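Trainee: Each chain, written out:
2 protein chains.
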Amino acid sequence: MNIALDVMGGDHAPQEVIAGAVVAAREYGVAVSLVGKPDVIARELSKHDVRGLKLPIIPASEVIEMEDKPATAVRTKKNSSMVVACQLVKAGKADAFVTAGNTGGALAAGILHIGRMKGIQRPALIVPFPTQTGFCLLLDVGANVDVKPEHLQQFGVMGSIYSKRIMGVRSPTVRILSNGEEQGKGSQLVLEATALLEKTPGITFLGNIEGRDIVNDLADVVVTDGFTGNVLIKTAEGVGKLIRTILVEEITATPISSLGGLLAKSALRRLARRVDDSEYGGAVLLGLSNLLVVAHGRSNAHAIRHAIRVAKQAIDFKIVDEIQAGVQEIADSAPVRQSQAI
Amino acid sequence: MNIALDVMGGDHAPQEVIAGAVVAAREYGVAVSLVGKPDVIARELSKHDVRGLKLPIIPASEVIEMEDKPATAVRTKKNSSMVVACQLVKAGKADAFVTAGNTGGALAAGILHIGRMKGIQRPALIVPFPTQTGFCLLLDVGANVDVKPEHLQQFGVMGSIYSKRIMGVRSPTVRILSNGEEQGKGSQLVLEATALLEKTPGITFLGNIEGRDIVNDLADVVVTDGFTGNVLIKTAEGVGKLIRTILVEEITATPISSLGGLLAKSALRRLARRVDDSEYGGAVLLGLSNLLVVAHGRSNAHAIRHAIRVAKQAIDFKIVDEIQAGVQEIADSAPVRQSQAI
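Chains as they are written, first to last, in the numbering used here: chain X, 3 to 344; chain V, 3 to 344.
Derived from the structure by calculation, the hints contain no laboratory data. Any given hint could turn out to be false.
[Said to hold, decoys possible] Restricting the straight-line Cα-Cα distance to at most 27 Å, the calculated cross-link-like pairs of lysine-lysine (DSS-like) are: (1) X:K267 x X:K92; (2) X:K187 x V:K243; (3) V:K267 x X:K267; (4) X:K71 x V:K187.
Source: prediction; values computed, not measured.
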């Protein structure tokens with residue numbers, strides 16, 4: 003197994019990215035192809051004990067920066083670490099691509115240079131979202147801003163398979179994000195997608211879910227368009243940050259509450275860890291003919307290591323083949339149902 | 003000034019609703035028409051000292067329940083407190099309608115029985131959303147799930163006027179919710195609405211805002227469709243609840259952190275108050291020919307009192323006339339701009 007890693011992408015590249023690669027290569031016994039500027043990679047590798055580890059250097063002279071326009075950058079920076087890494091995957095020399103760089107750039111490079119899975123109309127970004135007792139998978143969180151009902155149906159299938167294989171949920175429940183929990187509530191898109199999801203083979207679809215109930219473990223998978231999903235995860239991030247800021251402000255406002263905060267410090271740290279996303283490997287783009295993992299831009303070595311773990315698991319469990327089979331099953335079932343309806 | 007109050011609506015009706023009405027009538031010197039079952043109202047009023055207060059009882063024998071289908075209920079329950087209260091407003095016997103009942107029912111009753119303002123295509127629900135230093139106004143949060151660019155343009159105008167008059171912001175900034183802060187990011191709806199908002203007279207439009215930045219005081223008013231806005235506020239509610247639950251779990255996990263939590267109790271209470279919405283009077287439906295305030299279903303007397311205060315302020319500042327003038331200004335400016343473009 004070989005995982006192509008964009009060494010140049012992310013706020014803490016290349017140091018933390020390479021540090022994460024070294025740990026992952028040792029921990030999981032995988033080869034990690036380090037794609038980027040060779041001198042930079044060599045210098046960083048010299049800081050680590052890499053004996054016995056498979057960490058080949060793949061030269062790429064350019065970098066798609068955070069402020070670059072994705073589509074343009076992917077077309078003009080042909081020797082960027084992202085494009086080179088995707089071509090490595092496409093050529094069968096790597097099994098997945100992991101990056102903490104420009105998300106839009108990663109999606110564009112993946113779609114253009116790895117390519118869509120047969121039958122998939124729109125690849126979707128999936129992330130784990132924290133709940134009371136664990137996590138719920140949410141997709142799409144930003145790959146497609148305008149979608150059709152059929153796309154949401156495919157998201158349901160991909161999310162369900164991912165939940166089974168990667169999260170180990172035996173019979174994952176799927177819901178669609180809406181503005182009310184009652185059936186019949188929702189935009190035209192939600193209503194039409196619901197009709198499709200209800201008759202989709204192989205998934206357990208339970209109808210609508212509201213934004214406030216995602217944290218209440220009412221679904222293993224929640225599907226939505228990339229616009230709403232993106233607003234949702236960013237709002238959650240903003241609210242979390244706001245509460246943290248106000249909490250610190252209020253606790254440090256008086257000596258007594260400051261002492262209280264000090265005594266409760268380990269509890270506050272556990273709270274932060276439970277809502278932190280770095281252990282969960284970031285977002286995965288499902289629907290390409292190979293896997294693409296987009297770690298958070300602010301990933302440290304720990305987050306990079308977990309992003310590589312997610313890629314490894316997805317390869318181990320043949321996620322791409324499973325999704326391919328699931329999508330084929332919808333395609334096969336559609337005409338049968340139509341003729342039954344006559 | 004007379005404010006029609008739905009005495010039967012809300013989780014804590016009629017006790018808390020009437021208690022809030024009594025305080026508001028005394029505090030703000032307004033008449034509050036209590037609409038609902040006369041015997042229930044009389045019984046509750048007997049618990050308070052109401053000498054000198056203007057609290058007329060307006061009989062209504064039916065109640066639109068939380069689980070009722072809004073459109074049907076408004077049509078069939080013609081003697082419900084909501085319908086009777088709206089008719090009171092329509093007849094000019096009250097200046098605004100306040101309810102903590104079924105939101106969908108309130109919107110349907112308002113649109114059907116109070117009626118749209120001339121020139122307004124879609125009334126929108128506006129709420130204050132907590133930020134680092136105060137509040138940002140968000141609309142629409144649920145009145146319209148599928149909207150057109152022109153509707154978002156009108157939301158921008160209504161929000162801006164509301165911010166000026168009710169929140170006292172001299173020159174409110176308006177942004178549109180999107181999946182990225184850069185110009186050009188967004189759904190087709192966002193891109194088309196942006197083009198309209200950019201050339202709208204009388205507002206300061208600053209482009210896109212992401213979900214995570216709403217809390218960072220980057221805009222006084224954020225416009226979005228009612229589907230996304232509803233998902234946003236409910237997600238924020240869910241995340242807030244999740245953090246509170248985990249915080250309590252972690253703080254009570256050990257004796258030392260429990261002691262810490264005890265010492266920091268007043269700080270935690272101040273945190274809760276700063277992100278609590280009961281002081282801000284709930285959501286206001288803008289775009290009707292009179293004002294409608296929808297308080298949270300779980301409103302206590304305190305929240306009802308503040309909802310009445312919001313209605314009073316809106317009447318004092320002639321919000322309806324101001325919005326009417328702003329909408330007229332867009333209508334007048336449109337043909338001019340078109341001919342200029344030739």
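Trainee: Take the hints in turn and mark each one as holding or not.
Mentor: Now for the hints, and whether the structure bears them out:
1. X:K267 x X:K92: violated, 48 Å
2. X:K187 x V:K243: Holds, at about 24 Å.
3. V:K267 x X:K267: Holds, at roughly 14 Å.
4. X:K71 x V:K187: It holds: about 11 Å lies between the C-alpha atoms, which stays within 27 Å.
Of the numbered hints given earlier, the model fails hint 1 alone.
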